[in-house]
Amino acid sequence: MTIKEIAEKLGLQPLTALSERTVTGVYISDMVSDVIANAKAGNVLVTVQVHNNVIAAANLVDVAAIVVTRGRKPADDTLQLAEKAGIPVLFTELNSWQIASHLYEAGLR
Amino acid sequence: MTQERPREDDVAGAPADVLYREAFRISGGDYEHGGEVAARVKAILKELGIDPACSRRLSIANFEAEMNVIMYAESADLVLEVAGDEVRVTVADRGPGIPDIGLAMQEGYSTATAEMRARGFGAGMGLPNMKRNTDRFEIESVVGGGTTLRYAVRIA
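Residue numbers (the numbering used here), protein chains in the order written: chain F, 1 to 109; chain E, 1 to 156.
I should point out that these hints are in silico values taken from the structure, not numbers from a laboratory.
Since this is a predicted model, take the numbers as computed values, not measurements.
Backbone N, C-alpha and C fix where the C-beta goes; we use that ideal spot for every residue, glycine too.
It cannot be assumed that every hint is accurate.
Simulated restraints, written as ranges between beta carbons of each label pair [as the list claims (entries may be wrong)]:
#1 D30/F - D77/E: 29 to 37 Å
#2 P52/E - Q80/F: 24 to 32 Å
#3 G25/F - D51/E: 20 to 28 Å
#4 N95/F - Y109/E: 26 to 34 Å
#5 G107/F - S27/E: 30 to 38 Å
#6 K9/F - P52/E: 38 to 46 Å
#7 R25/E - E105/F: 21 to 29 Å
In silico negatives: residues of chain E with every beta carbon more than 12 Å from chain F [claimed, not checked]:
#8 A16
#9 E22
#10 G35
#11 E36
#12 E64
Computed cross-link-like contacts, DSS-like style, restricted to lysine-lysine with a CA-CA straight-line distance of at most 25 Å [unchecked claim]:
#13 K40/F - K131/E
#14 K84/F - K131/E
#15 K84/F - K40/F
#16 K40/F - K4/F
#17 K40/F - K46/E
Next up, chain F with everything else stripped away, as it sits in the complex:
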């Protein structure tokens, strides 16, 4: 499943350009050191963190997209950083648990 398909299926609002990249799985964390140590290349990162250090960490370990939950929106300069790194950032009012269950129902394991 691609990022674009996931965004459409779950009704996630893209805040940066979407991609056709195939997703390898999901990692859920709000701790940056946990993200960089344990998120795998091609994972969707589900988090409430919206500052640029998360984007930097996600980029270093080649995360495929970031879903920011609970209606939080990154600042414009943070989104620019994500855009530059080619990481789609998706917005939702749902919380991380709800998004996790939707991702599971969509077929991601």
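Given the coordinates of chain F, assemble chain E onto it according to the supplied hints.
The following block gives chain E in isolation, referenced to the frame of chain F:
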């Protein structure tokens, strides 16, 4: 940002096996650019054809080191050295130093402030992450002077 490619005087002071050397400055408190040095190093390693798995492990260590400088120190120099069999990094900071390195190396121990925790740091994973993702890891610290990290990842 323009990258300086290896200059003779850069490599001259390094051990004989060093093929590439570059130094980067990290400023304390500069959260805005947190992770940029690690990203620049990663791009250089890619350009040099270093195995992505090695580069990924080193990037994890570099990111943690960089964020530690930003959170705790005044400034630091991160020196990258690529040798035939390993990629080495030295991060020497001017900062408060670490009074008890054994304690700081314990998973879960953190001295992070509320502000750092709100940003998603302070899990007490930084130094253990660095050790786990490197093949050699040394830490030296002088309270009131600074901390120097030396680590390396073997090239597969």
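To see whether the hints hold, each was checked on the structure:
no.	hint	verdict
1	D30/F - D77/E: 29 to 37 Å	holds (31 Å)
2	P52/E - Q80/F: 24 to 32 Å	holds (26 Å)
3	G25/F - D51/E: 20 to 28 Å	holds (22 Å)
4	N95/F - Y109/E: 26 to 34 Å	holds (30 Å)
5	G107/F - S27/E: 30 to 38 Å	violated (45 Å)
6	K9/F - P52/E: 38 to 46 Å	violated (30 Å)
7	R25/E - E105/F: 21 to 29 Å	violated (48 Å)
8	A16	holds (31 Å)
9	E22	holds (18 Å)
10	G35	violated (2 Å)
11	E36	violated (7 Å)
12	E64	violated (7 Å)
13	K40/F - K131/E	holds (19 Å)
14	K84/F - K131/E	violated (30 Å)
15	K84/F - K40/F	holds (20 Å)
16	K40/F - K4/F	holds (19 Å)
17	K40/F - K46/E	holds (18 Å)
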